[in-house]
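Can you make the complete structure from the sequences, with help from the hints?
Chains D and G are the protein sequences, given in the same order.
The first sequence begins at 1 in this note's numbering and counts up by one.
The second sequence begins at 1 in this note's numbering and counts up by one.
Everything labelled a hint here was simulated from the structure, so no lab data went into it.
Simulated coverage check for chain G against chain D, where a stretch passes if three residues somewhere in it have a Cβ under 8 Å from a Cβ of chain D:
| # | stretch |
| --- | --- |
| 1 | 18-31 |
| 2 | 121-127 |
Some chain G residues close to chain D (C-beta under 7 Å, calculated; not the full set):
| # | residue |
| --- | --- |
| 3 | 75 |
| 4 | 78 |
| 5 | 82 |
| 6 | 112 |
| 7 | 118 |
| 8 | 166 |
| 9 | 167 |
| 10 | 171 |
| 11 | 175 |
| 12 | 178 |
| 13 | 182 |
Note that this is a predicted model, so its numbers are computed, not measured.
A virtual CB, placed ideally from N, CA and C, is assigned to each residue, including glycine.
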Amino acid sequence: MAEIIESKIKMKKEFIKGLWKEHPILRQLLGMCPALAVTTSAINGISMGLAVIFVLFFSSLVVSLIKKVIPPQVRIAVYTVIIATFVTVVDIFFKANFPQISRALGPYLPLIVVNCIILGRCEAFASKNSVLVSLLDALGMGLGFMWGLFLLGSIREILGFGSLLGVKMMPPEYNPLIIMILPAGAFLVLGFLVAVMNRLELRIKD
Amino acid sequence: MKNLILIFISTVLVNNLVLTYFLGICPFLGVSGKLESAFGMGMAVTFVMTLATSISWLIYHFLLERFGLLFLEYVIFILVIASLVQIVEMFIRKFSPSLYQSLGIYLPLITTNCAILGAALFMVTRNYDFLESVVFGFSGGIGFSLVLLIMAGIREEVNYADIPYAFRGAALTLIIAGLLALVFMGFSGLISS
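Structure below.
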């Protein structure tokens, strides 16, 4: 009985850690290129987040299933090919069903292939843990990534367009800060978010 | 010729891969602590990127397009990059041990550098011909090295400053990158498209 409770606590921990303590964007600073590039609006952030969750989930599943048969010398190449396969699936799916989102995400959808979060989770977690725990870890990390993108996208959309998810949020006399939509704005907003995160962590410790 | 020079200037200064397309941010944040390592990383990336765009171009046009295998694009490109990095690593170790000493640790990291795959994908979407692709790959690497070196120079100075706790490390680096991106926007008038 105690073992079951213990494993349940462990599973919960593996799931929760990606959402806050080991948040992929704000704490580990992984997967920065899609995080900065596509978050000009909240909806782009959500679609990129969903794509990453899908790829992360299935890559972790496959890697944790076949971890014993992968020769260690070529493991990185094997992981990359597995990831690239699922990215191709997502890419074709978006192109066929949501051409508009596919255009908005541009080359950053195929670039999920080299997203360090996915390779990082395959190498550091899925290749060493059982299937169920790996899937929980992947889901937690993916959801953490998604809320990070959503937050970044919302801030940039509100400040840069004066709207959120396409709905006007600011009074008509608000003068949009175009800089927030440009690359420089992405770096600045993320920099301040990381600083806020550091500050919050310090307060929790005290 | 004019075309090639335009590609060079626009890729290095106007549409820098790091500051306008956010490619290669991970090494940009990770390896920009010291000037020396930034230089090594920059050289390794330039080298691999030039080779990767050239070879990907050949494979894309002579294999994938001809035999209708375009859905394999991502898988093939990433395999090309991974094996290229491996070959380059073996080659350098054999022929120039001193270069291997200085580049050694950065070479394996390059496989997951999104700037390389990004450059290969851009080359396809922009319909570059072979020579243009080679120049594009090379200038992409030079642009990456330039920004990496500037960043390393700034960070070496910042190390001596007294920074509030929350901003130490990545937060400040990101804000500096934002200011750099603002500065590079000044180049945008250089080429009228």
